[in-house]
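Colleague: Since the structure of chain A is provided, determine the placement of chain B on it from the hints.
Now for the letters of each chain:
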Amino acid sequence: MSSLSPAVRDSATMLRRNLLHARRYPSLTLNILLMPIVLLLLFVYIFGDVMSAGIGGGGADRSQYIAYLVPGILLMTIGATPAGTAVSVSMDMTEGIIARFRTMAIHRGSVLIGHVVGSVLQALVSVLLVGAIAVAVGFRSTDATVLEWLAAFGLLALVSTAFTWIGVGIGLASPNAEAASNHALPMVVFPFISSAFVPVEAMPGWFQPIAEYQPFTPAIETLRGLLLGSEIGNNGWLAVVWCLGLATLGYLWSTSLFNRDPS
Amino acid sequence: MTITTSRSPAIAAKGLRKAYGDKTVLDGIDLAVPTGTVFSLLGPNGAGKTTAVKILSTLITADAGELHVGGHDLASDPQAVRSAIGVTGQFSAVDGLITGEENMLIMADLHHLSRREGRRTAAALLERFDLVEAAKKPAAAYSGGMRRRLDIAMTLVGEPRIIFLDEPTTGLDPRSRHTMWRIIRELVAGGVTVFLTTQYLEEADELADRIAVLNDGRIAAEGSAEELKRLVPGGHVRLRFTDPATYRSAAVALKEVLLPHAHGVAGAGVSAVTSDEALSLHIPSDGSQRELRSLLDWLDAAGIEADELTVHTPDLDDVFFALTGGSVAPVQATEAVR
Numbered sequence: 001m002s003s004l005s006p007a008v009r010d011s012a013t014m015l016r017r018n019l020l021h022a023r024r025y026p027s028l029t030l031n032i033l034l035m036p037i038v039l040l041l042l043f044v045y046i047f048g049d050v051m052s053a054g055i056g057g058g059g060a061d062r063s064q065y066i067a068y069l070v071p072g073i074l075l076m077t078i079g080a081t082p083a084g085t086a087v088s089v090s091m092d093m094t095e096g097i098i099a100r101f102r103t104m105a106i107h108r109g110s111v112l113i114g115h116v117v118g119s120v121l122q123a124l125v126s127v128l129l130v131g132a133i134a135v136a137v138g139f140r141s142t143d144a145t146v147l148e149w150l151a152a153f154g155l156l157a158l159v160s161t162a163f164t165w166i167g168v169g170i171g172l173a174s175p176n177a178e179a180a181s182n183h184a185l186p187m188v189v190f191p192f193i194s195s196a197f198v199p200v201e202a203m204p205g206w207f208q209p210i211a212e213y214q215p216f217t218p219a220i221e222t223l224r225g226l227l228l229g230s231e232i233g234n235n236g237w238l239a240v241v242w243c244l245g246l247a248t249l250g251y252l253w254s255t256s257l258f259n260r261d262p263s
Numbered sequence: 001m002t003i004t005t006s007r008s009p010a011i012a013a014k015g016l017r018k019a020y021g022d023k024t025v026l027d028g029i030d031l032a033v034p035t036g037t038v039f040s041l042l043g044p045n046g047a048g049k050t051t052a053v054k055i056l057s058t059l060i061t062a063d064a065g066e067l068h069v070g071g072h073d074l075a076s077d078p079q080a081v082r083s084a085i086g087v088t089g090q091f092s093a094v095d096g097l098i099t100g101e102e103n104m105l106i107m108a109d110l111h112h113l114s115r116r117e118g119r120r121t122a123a124a125l126l127e128r129f130d131l132v133e134a135a136k137k138p139a140a141a142y143s144g145g146m147r148r149r150l151d152i153a154m155t156l157v158g159e160p161r162i163i164f165l166d167e168p169t170t171g172l173d174p175r176s177r178h179t180m181w182r183i184i185r186e187l188v189a190g191g192v193t194v195f196l197t198t199q200y201l202e203e204a205d206e207l208a209d210r211i212a213v214l215n216d217g218r219i220a221a222e223g224s225a226e227e228l229k230r231l232v233p234g235g236h237v238r239l240r241f242t243d244p245a246t247y248r249s250a251a252v253a254l255k256e257v258l259l260p261h262a263h264g265v266a267g268a269g270v271s272a273v274t275s276d277e278a279l280s281l282h283i284p285s286d287g288s289q290r291e292l293r294s295l296l297d298w299l300d301a302a303g304i305e306a307d308e309l310t311v312h313t314p315d316l317d318d319v320f321f322a323l324t325g326g327s328v329a330p331v332q333a334t335e336a337v338r
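One line per chain: the protein sequences are A and B, in this order. Residue numbers are given in full-length UniProt numbering: position 169 of the first sequence equals residue 169, and the series is strictly consecutive. Residue numbers are given in full-length UniProt numbering: position 167 of the second sequence equals residue 167, and the series is strictly consecutive.
Hints in this document: simulated from the structure, not taken from any laboratory. Among the hints, a few may not be true.
What the hints assert, rightly or not - As a list, the in silico EDC-like pairs of lysine to aspartate or glutamate whose alpha-carbon atoms are at most 20 Å apart:
1) B:Lys137 / A:Glu95
2) B:Lys255 / B:Asp297
3) B:Lys255 / B:Asp286
4) B:Lys14 / B:Glu222
5) B:Lys23 / A:Asp261
Extracted from the complex, chain B is given alone in its bound form:
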């Protein structure tokens, strides 16, 4: 524990590789998560997120890579790593056959708390996660949200300083999802380092200080939520027309305005002119009030009246399309213009 200074990263990986047979799951990824921050690994199903968590949490071994968690080497001292971390997996790591309270007390025992301390800790955590009423029921009878809460509560018995959360909100209803987000924020406020995997950009956006997009075993992009969103060409305003003539004149007018400074935004300038048969035009925009107002002013001035105007902010589809699709412009070329 003394090895860990506040400056060294809580989680560090260099050249992490893992293959099952001839299928490479992680193809040499580098990660550094500073202590006390939330790091999110974002990616589609099968990208290797869970494998990364399993390796960093000592559940399975890596094929190669220099890996340190909490300042301890994963290969040479997994037990030291284990005493520094807590893990909540994608599939609830609770014992469904016994009650929530019994689950908590077993955790307390495994952390070698005294009987009194164990009971106190279990009761406090059950209270904190709103599980007091359900404490005497078998965990198998819990709803998805309750089970995740019990899962986190069990993880917290040992007061870990580094917590791995593998898709903590997958399959939860919106209300439970927001509860989970609040829980994660509270953990971070307490100085805990969180390593979070998710399929949802929104979730990473809400919670993470830094996000890495994992695709096909490689890090496709890394940065803050803002930085990543700028890489995504999905933010746009869509104008839809019913009259082909109006559409054509609008397209011509737009082309003149947009092309001079739209170069570099992947596909944006082009899509404004060569639009689809639905007679719609896509104009790159971050969806801010200021931009919308200037766009509307310009449309008025140019005498263009669209039948429908919709604002699209970058979403998961856009991120995956831009960073993981391969068919759109490569990431390096998508330099933000604003």
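If we strip away everything but chain A, and leave its shape as in the complex, we get:
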């Protein structure tokens, strides 16, 4: 135990604190889970027939649309969690205990790292739950290898880490929980205007760049490629670059905000 560096040890302690919060107050986590599940069921069972008619030049059945839809829903699950992170970071910063942490000789970044790791773990558990529901409604991967499954999971973890750091920054920059919730809204909306529900080519021409040049579309396309065997092209490295860029930006932004004098 003493062999662990103080940074790792303190971050692990902070993670434990955040997991205690999540375990005792699961409503925030459950609320976040609700949206992707409702959307999944809605698009499969209510809009499913119409949506599948638009895929692959018509004639596709519902199971093909489920296959198209699920990677987007999984990333939407990942994208919804950082909004919750922003709210809980913002609420946390008003707690007296944070002032105490700041006056203790602990690793400075551990408070934020605890939030990030906690949120990423929550997001991944959410993904497993939503994934299980997706399988239950008929989602099947087409011969994905173990390596591809691992890569898919790794990609989801990477996207989650990137957006969670942005979420932490939003939470720190917001004066209160309501503001944090509003500021985090774009992260929830981005998946809707990506290729999650319909292919980019099926969108109006003027809108295609908006759907194309944003982090969710390459991530969703990469996930489709890994799970369904479709063409990944340069979406793979595009997704990784987006994630690394956002993670770095979010990390630098968050730590500089946290290191400011608290008001």
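Modeller: Chain B alone, transformed into the frame defined by chain A:
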């Protein structure tokens, strides 16, 4: 840690300044708190007490000033300062969402105690602060007094040698306040240096070796409780009359007796003669038995019979009026006569 000798002050500040925009909160204050003593920063709301604590406890940075805590420079080595101090802020620094015990165990982990040592320390402190029954309840459900006790208990996990207590009893009921005072006394008995802010003179009086009165970002006065009380002209005996004639003759008699040696006591000699419409006379007094007896003897001898006699000891209002009001005589002029 080796830098700290027993002779160097635990907390030292020279020319501490802090401004938010064009509002100066601390306007160059000097402080020196010897190791093992209780120092109290006394002042009204908005005087800058909390800002001073926040700066000295490394929470925020000062604009200027040479600041040392535990022998470490605040600007160049805040982490070393942090490992020497414990802070209990004005607003409870506990995590309300988790239980008291979980709060304690997180503190133990952050101080890098082993699991066993951490459990032992947490259990001992919960016991000491009478929180065993509440240990499994979320801290948000605690009463104000319990939360402050948990707060102090968490501060003590790391066995800090210097403790900052920012208004530790504000908002507490009298019973909890006395419990807190007992806790603070126990800390001091263990050799801990305590930096205490309070709005209550009584509290500073009870606990502090030295008191500094902070007003408008400056130290208005500094000294022991006794020294400060002597600066305050509020200690007096009030005689109230219902008959104007008796009042006037008493006032005349008092004027003759008091004026020769009452000069210098701010306003006291004057107030004895030019009293208010309520027909009352104020006679400076420290309220001691000896003084009261001599006063009563003198009243008897002079044939003055007041309808009501009340003793006023210096209280917070008097201190603030004398030291921070500005309208009364300046501090330097209030030389004690006794």
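Colleague: Each hint should be assessed against the structure and marked as holding or not.
Modeller: Hints, verified against the model:
1. Straight-line distance between C-alpha atoms of B:Lys137 and A:Glu95 comes to about 18 Å, which keeps the hinted pair within the 20 Å bound.
2. In summary, the hint linking B:Lys255 to B:Asp297 is supported, as the alpha carbons are separated by about 17 Å, within the 20 Å threshold.
3. In summary, the hint linking B:Lys255 to B:Asp286 is supported, as the alpha carbons are separated by about 19 Å, within the 20 Å threshold.
4. For the given pair, B:Lys14 sits about 15 Å from B:Glu222 by alpha-carbon distance, which is consistent with the 20 Å threshold.
5. Between B:Lys23 and A:Asp261 the alpha-carbon distance is near 17 Å, which keeps this suggested pair within the 20 Å criterion.
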